[in-house]
Amino acid sequence: MKNDLLDHALFQGKMVPKANFRTFVYSKKGDKRLANSWDEYQELVSSGIWSLEKPPEPVVKKKSKTDKDE
Amino acid sequence: MANDFRTTNYVLDDYFVRFWNSLKFARTANREIEGDFKSLRYATGETLNYRLEERYLGGEGATAVAEDRVQQIRPLTIEKQFHTMIDYSGFELTFDRARDEPYLERANAPRAKTLANKVENFIASTKFQKQVYQSVGTPGVAIDFNTTLLADAYLTELAVPEDSRYCAVPPRVGANLSNDLQGVFEKEVIRGALLDGFIGHLSGFDFFKTNFFDRQISGAGEAGGAPPTGFKLGGTVVGPVSSGSSLSLTGLVASTTVFNEGDVIEVDDASGVFMVNPLNHNSLQQRAQFVVTADVISDGAGAATVPISPEIVISGARQNISAAIPHGAQMLLRDDHNVSIAYHKNAIVFAAPPLKELRGGVEAVTRSSDLYKLAMTYSLGADIRNYQQLDRIDVLAGCSINPEFAVRICS
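Listed in order, the protein sequences are those of chains U and Y.
With the numbering used here, you'll find the first sequence wraps up at 251, consecutive numbering, no jumps.
With the numbering used here, you'll find the second sequence wraps up at 429, consecutive numbering, no jumps.
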């Protein structure tokens, strides 16, 4: 049982096995990277650059009719 | 009585040959289990289990590690009784000579074809098409010779034997293929027209036309984005997923049918999850592919649990994809497409065992052929209250699909 717990980790509210763990992580700039192990994931997240949260899609603003170039 | 019996036998023989000649999928299927139903020395029940070939990893060096023998079984169930029945009034028998030669012929041929169509539809549309997950071709793009070569290559990469390979195509897909191949195709059509509907031997397959594949209409999937040509986005994986027969997805269109049974979904290339050769477990170029096994409706937040086949296996002798599917992986959904299927005969296991004849005022005879591995029962009865002759033909059928031996060609 002890070994079972060591082999698992809490991820997104679920216990998941550390073996074969894979996830995508995202930067605030919108870059995407694949972490191929639990350790790699921990390392990336602890860097502060990467997180599980996808950054929101950039909103494309329509040009207003009052812009100078119109 | 003896004369009548001979007539019944004759009629059944006529049906039998016509029925056999109208079959394509049943004729090209694996029929080796049928004998077990036929011998019936003890009550077999309606289901027989057959074993898939065992798989092992092996090893090297002086010290060996014993592997578990894992026997995978699949059921073959005799689940269908197809029939055709007509009744003759006394007047029809007397004045139209409805059951006399040559007038009987007018009913025999179409009835045999009707039965054959029912059997073929059962195999192709109900069973086969919905279970094949390995796919090539681009939905919306016509099949060309290169696509068929790709299907052949994919089957070989999947360690499917090179012999007894067939390719079933809808007529319009066959027309496109014919147009692409021009002279080669026409020559093969003439030389290879062995059976009704057979086209010929091309790029490693015996081609034949079929009307029993339905166009696959895909579910709504995920809206927007920039999927590859012929695909829709198919949601994002909540994972990681390293086993099981379902995927939990988010980002789908909310509260609608996001996947239909028979839809093919694939893991986007960026996730690095690919199909593997089942013998050496080397990764192939082909993205990991699955077929959706039931219609799926998303919840109000655009999430859904999607039942898939095959079961995900990422290690061991039965490994079928190269790695676990990562959390956040983008799924791709094959858009609406025409379905053709390239397959080895082991993809379809079919049986049509003999049906026990009725007794008591019924003249019945069963014709069972070891050569064709097929049985058909003809029953002739009388309704003396209404003075009618009842004339009925029955075929029992069961079918099991081994989708590992088939590749869907989308167009």
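Honestly, the hints are just simulated from the structure, not real lab data.
Computed from a predicted structure; not experimentally measured.
Keep in mind that a hint or two might mislead.
What the hints assert, rightly or not - Label pairs and their calculated CB-CB ranges:
1. Leu75(Y) to Ala190(U): 45 to 51 Å
2. Ala193(Y) to Ser232(U): 49 to 55 Å
3. Ala190(U) to Tyr74(Y): 28 to 34 Å
4. Arg87(Y) to Pro198(U): 52 to 58 Å
5. Glu224(U) to Arg87(Y): 23 to 29 Å
6. Pro179(Y) to Ser232(U): 29 to 35 Å
7. Asn197(Y) to Ala190(U): 30 to 36 Å
8. Gly229(U) to Gly77(Y): 42 to 48 Å
9. Lys136(Y) to Ala190(U): 50 to 56 Å
10. Ala288(Y) to Gln223(U): 20 to 26 Å
11. Leu75(Y) to Ser232(U): 18 to 24 Å
12. Ser232(U) to Ser264(Y): 24 to 30 Å
13. Gln223(U) to Pro246(Y): 31 to 37 Å
14. Pro198(U) to Ser273(Y): 31 to 37 Å
Said to hold, decoys possible - Pairs of lysine to aspartate or glutamate, EDC-like flavour, derived with a Cα cap of 20 Å:
15. Lys131(Y) to Asp31(Y)
16. Lys235(U) to Asp388(Y)
17. Lys363(Y) to Asp181(Y)
18. Lys374(Y) to Asp353(Y)
19. Lys209(U) to Glu224(U)
20. Lys209(U) to Glu221(U)
21. Lys391(Y) to Asp32(Y)
22. Lys235(U) to Asp32(Y)
23. Lys213(U) to Asp287(Y)
24. Lys391(Y) to Glu123(Y)
25. Lys363(Y) to Asp198(Y)
26. Lys213(U) to Asp286(Y)
Using N, Cα and C, we set each Cβ at its ideal position, and we do this for glycine too.
Hints, one by one, checked against the model:
With their beta carbons about 28 Å apart, Leu75(Y) and Ala190(U) fall outside the hinted range of 45 to 51 Å. Checking the proposed 49 to 55 Å range against Ala193(Y) and Ser232(U) shows it holds: the Cβ atoms sit about 53 Å from each other. Range check, Ala190(U) to Tyr74(Y): about 32 Å between beta-carbon atoms, so the 28 to 34 Å window is met. About 25 Å separates the C-beta atoms of Arg87(Y) and Pro198(U), a value inconsistent with the hinted range of 52 to 58 Å.
The beta-carbon spacing between Glu224(U) and Arg87(Y), approximately 41 Å, falls outside the hinted interval of 23 to 29 Å. Here the CB-CB span from Pro179(Y) to Ser232(U) is close to 49 Å, at odds with the stated 29 to 35 Å. The given range of 30 to 36 Å is broken by Asn197(Y) and Ala190(U), whose C-beta atoms sit roughly 57 Å from each other. Gly229(U) and Gly77(Y) have their C-beta atoms about 44 Å apart, which keeps the hinted 42 to 48 Å range intact.
Lys136(Y) and Ala190(U) have their C-beta atoms about 54 Å apart, which keeps the hinted 50 to 56 Å range intact. Distance hint check for Ala288(Y) and Gln223(U): the Cβ-Cβ separation is about 21 Å, which falls inside the suggested range of 20 to 26 Å. A beta carbon spacing of about 38 Å between Leu75(Y) and Ser232(U) contradicts the range 18 to 24 Å that was offered as a hint. For the pair Ser232(U) and Ser264(Y), the beta carbons lie near 27 Å from each other, so the given range of 24 to 30 Å is met.
The hinted range of 31 to 37 Å is satisfied by Gln223(U) and Pro246(Y), whose Cβ atoms lie roughly 33 Å apart. Between Pro198(U) and Ser273(Y) the beta carbon distance is about 33 Å. The supplied range of 31 to 37 Å therefore holds. A threshold of 20 Å between alpha carbons decides the hint, and for Lys131(Y) with Asp31(Y) the separation of about 14 Å falls inside it, so the pair holds. As the CA atoms of Lys235(U) and Asp388(Y) are separated by approximately 63 Å, the hinted pair breaks the 20 Å bound.
At roughly 9 Å between alpha-carbon atoms, Lys363(Y) and Asp181(Y) fall within 20 Å of each other, so this suggested pair holds. Note on Lys374(Y) and Asp353(Y): the hinted pairing is violated, with a Cα-Cα distance of about 46 Å set against a maximum of 20 Å. Simply put, Lys209(U) and Glu224(U) have alpha-carbon atoms about 17 Å apart, close enough for the 20 Å limit, and the pair holds. Restraint check for Lys209(U) and Glu221(U): the C-alpha separation of about 19 Å stays at or below 20 Å, so the hint holds.
Straight-line distance between C-alpha atoms of Lys391(Y) and Asp32(Y) comes to about 16 Å, which keeps the hinted pair within the 20 Å bound. A C-alpha spacing of about 68 Å is found between Lys235(U) and Asp32(Y), which places the hinted pair above 20 Å, so the restraint is violated. Between Lys213(U) and Asp287(Y) the alpha-carbon distance is near 13 Å, which keeps this suggested pair within the 20 Å criterion. Using a Cα cut-off of 20 Å, the hinted pair Lys391(Y) and Glu123(Y) is violated, with the two alpha carbons roughly 25 Å apart.
Between the alpha carbons of Lys363(Y) and Asp198(Y) the distance comes to roughly 26 Å, so the proposed pair goes past 20 Å and is violated. Of the supplied pair hints, the one linking Lys213(U) and Asp286(Y) holds, its CA atoms being roughly 13 Å apart against a limit of 20 Å.
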